[in-house]
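Protein chains: 2
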Amino acid sequence: MNDETILLAHGSGSRLSHELIEKNFLPSLSNPLLAKLDDSAVFELSGRLAFTTDSYVVSPIFFPGGDIGKLAVCGTINDLAMSGATPSYLSLSFIIEEGLTLGELKKVVSSVKTSAEESGVKIVTGDTKVVNRGSADKLFINTSGIGIISEGIDISGTNAKPGDKVILSGSIGDHGIAVMSQREGLKFSVPIQSDCAPLNKLVSQMLEASPQIHCMRDPTRGGLATTLNELARQSKIGIRIEEDKIPIHDGVRAACELLGFDPLYVANEGKLIAIVAPEDAEKILAKMKRNRYGAAASIIGEVTDEHKGKVIMRTRLGASRIVDMLSGELLPRIC
Amino acid sequence: MNDETILLAHGSGSRLSHELIEKNFLPSLSNPLLAKLDDSAVFELSGRLAFTTDSYVVSPIFFPGGDIGKLAVCGTINDLAMSGATPSYLSLSFIIEEGLTLGELKKVVSSVKTSAEESGVKIVTGDTKVVNRGSADKLFINTSGIGIISEGIDISGTNAKPGDKVILSGSIGDHGIAVMSQREGLKFSVPIQSDCAPLNKLVSQMLEASPQIHCMRDPTRGGLATTLNELARQSKIGIRIEEDKIPIHDGVRAACELLGFDPLYVANEGKLIAIVAPEDAEKILAKMKRNRYGAAASIIGEVTDEHKGKVIMRTRLGASRIVDMLSGELLPRIC
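One line per chain: the protein sequences are U and F, in this order. Going letter by letter, the first sequence gives residues -18 to 316 in the working numbering. Going letter by letter, the second sequence gives residues -18 to 316 in the working numbering.
Since the hints were derived computationally from the structure, they do not count as laboratory data. These figures come from a predicted structure and were not determined experimentally. Just so you know, not all the hints are guaranteed correct.
Stated by the list, open to error - Simulated coverage check for chain F against chain U, where a stretch passes if three residues somewhere in it have a Cβ under 8 Å from a Cβ of chain U:
id: 1; segment: 31 to 40
id: 2; segment: 109 to 118
id: 3; segment: 131 to 141
id: 4; segment: 200 to 208
id: 5; segment: 217 to 226
id: 6; segment: 304 to 311
Glycine included, each C-beta is placed from N, C-alpha and C at the ideal position.
Looking at chain U on its own, in the form it has when it is part of the complex (with noise of 0.2 Å):
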């Protein structure tokens, strides 16, 4: 049953399509809201609201510490946590290679099931789309999201100001260094997983610590480096940082020196940036530590006035040199 492969005419509209969806994402996703089936999905909502997206094309599409659904589900509620909003709804939109195994796509719709439900968002509404052989690989996946941001809160790219002190949730590469080692068929004596989580609950811990958060982003593609350069031109202040403070696993470090790969620019996806007030850095950061994404958390630098859009790191021999944003491409197909 679970050998049986994804036909074209189970994106067609017809009765397979509806076969599909009512056997195998219904049953793992249902809510009162996804099961009406309707074009939309209807809901009371009131306030100040976060909407994001985000397509997944990763590959493979399984990697040790997840798999597409998986990132899917957290991607998109990290994206609504960033913004300081409480993810509520996610819709959920495949495109899937004809030939795709119905096991796999189980296993898939299986993870996202995981991950909403760890981070407490429904899934209600959605779509399937199927093309020919060759036409796709494997299996895309599109999430948007829906979130609400409270009162007071006010986290933009733009907020940073000299002075902020610049946190990091924990070690950076994990998931980059993970999805490529699987993908190229690597073996490390220490084994590499992605980070791949949901962090909508850290944030929202964090916010209890203090609602002044001021910047706050994953460093996903391009990694550490261009997120910090991003909100560097975003804010236009410096960013200074500490190379001895950003935290490394072993195994990503030596995989990273081995394939010539800078960690700063590695993938990561269950990683946060916070730039807050310095008089609420320490506080954030106990309330961190609590919690396990961020048992590993650290202040990595500040915010200065000088060398305005740009990123300075103070390496682990005392030098300062200038951190680019990834110019070219490093790891395609990562997310």
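The hints should help you fit chain F onto chain U, whose structure is shown.
Below, chain F without anything else, positioned relative to chain U:
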């Protein structure tokens, strides 16, 4: 310049990604929400919201009467409108195959802009991924959308009642045949254009005539027949339609005869079916006929309490036959 092609690095989150967005997307689509470039768009919205998603994989991406950009905006707007919602905000997510030309991408973005303007929605958040050559087919687009439903409107596939009238907004089969003939290089003496169009203004005029519309749905994949079957099942009623009331362009009819297609199953992208109380039917129809997208609207049948869950058609010859849901695949990648 427009011969330049999209590279993998344009999807890496790197400087090239930022340039692609800043030079090609923002100038066309910009509005204060999108221009912030944060992870989520943030806006105030209150009430009963509709939320929907669709991925578009149409092949070819340009066809008579539209392209994938117009389709992606209109399709999602129409899904919102079918819930009785006024569409407010759209997300826009591209999966690009390496090698798409910048000229093609710009043409699609320009169609997105035109359709968003016509319908009065704002594109407020987006995403761009690039996959290696052979891992997608030129361009896939996901749009998700949010709209607001006014007080007193309750439209759902479950609301049809015996005695209700079934209104169709115009001719069927245009989109499917237009895309198929472009794909297969077929030429017909009467050129066939896709009917792809945003129906939100038509719907708001219909709701002015009567807010008591019971069901509304756009007959896309699977065509009129499949959509009527969905409504019959969801509402647990029967639907009886009259073949000679269903408008079909001569060119579409000829193409269908030639190719062995039944136009009842061919996709539409600018048509709607409304199921309404008998006393509301004429006034809603009158309003529709004054809108360019409803000029050829007609009452094609009614809801019965016989043969529940089924659609029966009285043919031109006076016989009755069951019109079933599409069971296999008619035209893949039509939207």
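Status of the hints after comparison with the structure:
1. 31 to 40: Contact hint for the segment 31 to 40 of chain F vs chain U: holds, 9 residues under 8 Å.
2. 109 to 118: holds (count 8)
3. 131 to 141: This one holds; 3 residues, not fewer than the three required, reach chain U with a Cβ under 8 Å.
4. 200 to 208: holds (count 4)
5. 217 to 226: Three-residue rule not met by the segment 217 to 226 of chain F, so violated; n is 0.
6. 304 to 311: holds (count 6)
When the structure is compared with the earlier hints, a violation turns up for hint 5 alone.
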